[in-house]
Amino acid sequence: METYGILPMIRCEDVHKRFGRLEVLRGVSLDVAKGEVVVIAGPSGSGKSTLLRCINHLEKVNQGRIYVDGQPVGYREVKGKFVEKGEREVARMRASIGMVFQRFNLFPHLTALGNVIDAPIHVRKMGRRKAQEAGRAMLEKVGLADKLDAYPGQLSGGQQQRVAIARALAMEPKVMLFDEPTSALDPELVGEVLEVMKSLAREGMTMIVVTHEMGFAREVADRMMLIDEGVIVEEGPPAQFFNNPRHERTKLFLSKIL
Amino acid sequence: MSIPLPSLDFEPDVVWRFLFSSVILEGARTTIIVAVLAQALGVSLGIASALMRMSKNPLLNVPANLYVWFFRGTPLLVQLLFWYNGVPELFDNPDLTHQLTSFRVAIFALGVNEGAYMTEIVRAGIESVEAGQMDAAKSLGMTSGKAMRRVILPQALRVILPPTGNEFIAMLKNSSLCFAIALVELANAARFIYSDNYKVMELLVVASIWYLVMTTVFSLIQAELEARLAAGVRDRPPTLFGRMTEAFGAGRTRLR
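In order, the protein sequence lines correspond to chains A and B. The numbering of the first sequence is our numbering, which starts it at 2 and goes up by one. The numbering of the second sequence is our numbering, which starts it at 133 and goes up by one.
These are calculated hints, taken from the structure and not from any lab test. We put the CB at the ideal spot given by N, CA and C, even for glycine. Hints should not be assumed to be uniformly reliable.
Pairwise CB distance ranges, derived in the manner of DEER restraints [unchecked claim]: (1) R130/A <-> S187/B: 46 to 56 Å; (2) S97/A <-> L209/B: 29 to 39 Å; (3) P188/A <-> N189/B: 44 to 54 Å; (4) G277/B <-> G205/A: 55 to 65 Å; (5) G264/B <-> E78/A: 24 to 34 Å; (6) E78/A <-> S260/B: 33 to 43 Å; (7) R204/B <-> P188/A: 33 to 43 Å.
The calculated DSS-like cross-link candidates involving lysine-lysine, where the alpha carbons are at most 27 Å apart (straight line), are [to be verified]: (8) K80/A <-> K61/A; (9) K142/A <-> K35/A; (10) K131/A <-> K278/B; (11) K175/A <-> K61/A; (12) K126/A <-> K278/B; (13) K35/A <-> K199/A; (14) K86/A <-> K188/B; (15) K305/B <-> K61/A; (16) K175/A <-> K86/A; (17) K175/A <-> K188/B; (18) K61/A <-> K278/B; (19) K199/A <-> K257/A; (20) K86/A <-> K278/B.
If you want the ones that stay clear, here's a sample from chain A, every Cβ over 12 Å from chain B, calculated [to be verified]: (21) R27; (22) N63; (23) D70; (24) K80; (25) F83; (26) E85; (27) E90; (28) G144.
Kindly produce the complete structure, drawing on both the sequences and the hints.
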């Protein structure tokens, strides 16, 4: 950790998370370099969503440390001890960590553009005009230039998820976390969302993607991970992960979903 | 054979004469002012107490629970007398007694009582908003207070508004209980006049007409508010106001 220059964009060190007696994460450590795309797969309930939620402190870790861009997430180091940060500080940190949810979670009372510009205006304190300009550009980028004034209820699932991606990008995040972004979509709408994510990856965004879309993973991932029962079972480049997995658990998982 | 009609001692022209009399209009004005201010106080208290009640911190949720328990569990009339007669008696301070006018006590007592009911309405509204909305707001860097104001409450409002409309209509009418603390609101104004001229039925009709006018106008306003809040959620049949404004070419363009 001493040499600041080579610090990864995201670092998890021995992360543990319990819900009551259930230990969902049992010591997860991983580094994600700047610009790297890591795809995490795993059976449901394996802890992969929880890991993403810990990275932006939507869940508090019980043990271990998480750093984003060198900053400890949710905690502050005071004389060698870790103290939970104040809400404002946590919020400021989250503002630079984009997150896309399985169920989109768009704000239904705001238009597509309203969704995209709300946080830039009220969190980043950007001027309305400037935010609108940037918001329009962002929606154009995800192919929704003609849907600025539509409410989420008037959009298809794929369109909603693209608005959600634009909303996260409008905060100019350092990293993007995708929590099963296509799992709630009708099959014919999955492609349009994956396309947006692919172009984002090409632009060099640092991304962690939890997904079961193995075609996407093969094409876009720099690194694959399999999480099962709260630990990383297998990790490696996609070619090795898919063609030559080392662990029985990975083979079993791949045989089920491919 | 003819059935003898009871002689009806009802003079419609008396109704007409008193409908716009200054005492009645003044009473109606007091009713509206008291009801609006008391409802505003009740909504504010309701939001604060709902947030406290939903907190995990017992220092916040216990007082809120006690508040709701007490003010929902005792009669409004008793509460009015409590603030108007009981409190001055308790403190025996002429300055305080002088400050506690019927008008002020009416707004305060009705508002505090209303807050207990609004607590439950606001809580139901907030709980109707999906948990994912808070996650999304936080992931964009909002503090929970900002997320509440910008994301949760605007959505909760849709659920909160219809029962709040009911509450306000009840408030307009319940304010007549303030006759017990000598407030000259609409019903009490009518009572004043008929205790003088004995035209009881006529004056009760006068008061009822004004109550109906108030509740009708308010119902129209409520329908308009609900239609506006429904933006993006579902189509509603156009409101009367909406149809009127559209007829005059001033209608807002509706989506879908």
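For the pair supplied as a hint, K175/A and K188/B, is the alpha-carbon distance within the 27 Å limit? Not OK: K175/A and K188/B at ~33 Å, beyond 27 Å, violated.
Would the hint linking K142/A and K35/A be met if the CA-CA limit is 27 Å? Satisfied, since the Cα-Cα distance of roughly 22 Å is no more than 27 Å.
Verify the proposed pairing of K175/A with K86/A, using a straight-line Cα cut of 27 Å. Within the cut-off at roughly 20 Å; holds.
Take a quick look at whether K175/A and K61/A sit within 27 Å of each other, Cα to Cα. Within the cut-off at roughly 21 Å; holds.
With 46 to 56 Å as the target window, see if R130/A and S187/B comply at their CB atoms. 38 Å, violated
Find the nearest Cβ of chain B to the Cβ of G144/A and say whether that gap is larger than 12 Å. 20 Å, holds
Regarding the assertion that E90/A does not contact chain B, is the least Cβ-Cβ distance greater than 12 Å? Non-interface label fails for E90/A: nearest chain B Cβ at 10 Å, not farther than 12 Å.
Given the hint of 33 to 43 Å, is the C-beta distance from R204/B to P188/A inside that range or not? 51 Å, violated
Regarding the assertion that R27/A does not contact chain B, is the least Cβ-Cβ distance greater than 12 Å? 24 Å, holds
When you check the alpha-carbon spacing of K86/A and K188/B, does it fall within 27 Å? 19 Å, holds
Is F83/A truly not at the interface, in the sense that its beta carbon sits beyond 12 Å from all beta carbons of chain B? Non-interface label stands for F83/A: nearest chain B Cβ at 21 Å, farther than 12 Å.
Restraint check for K86/A with K278/B, where alpha carbons must lie at most 27 Å apart: 18 Å, holds
Violated hints, listed in ascending order, are 1, 2, 4, 7, 15, 17, 27; each of the other numbered hints is respected by the structure.
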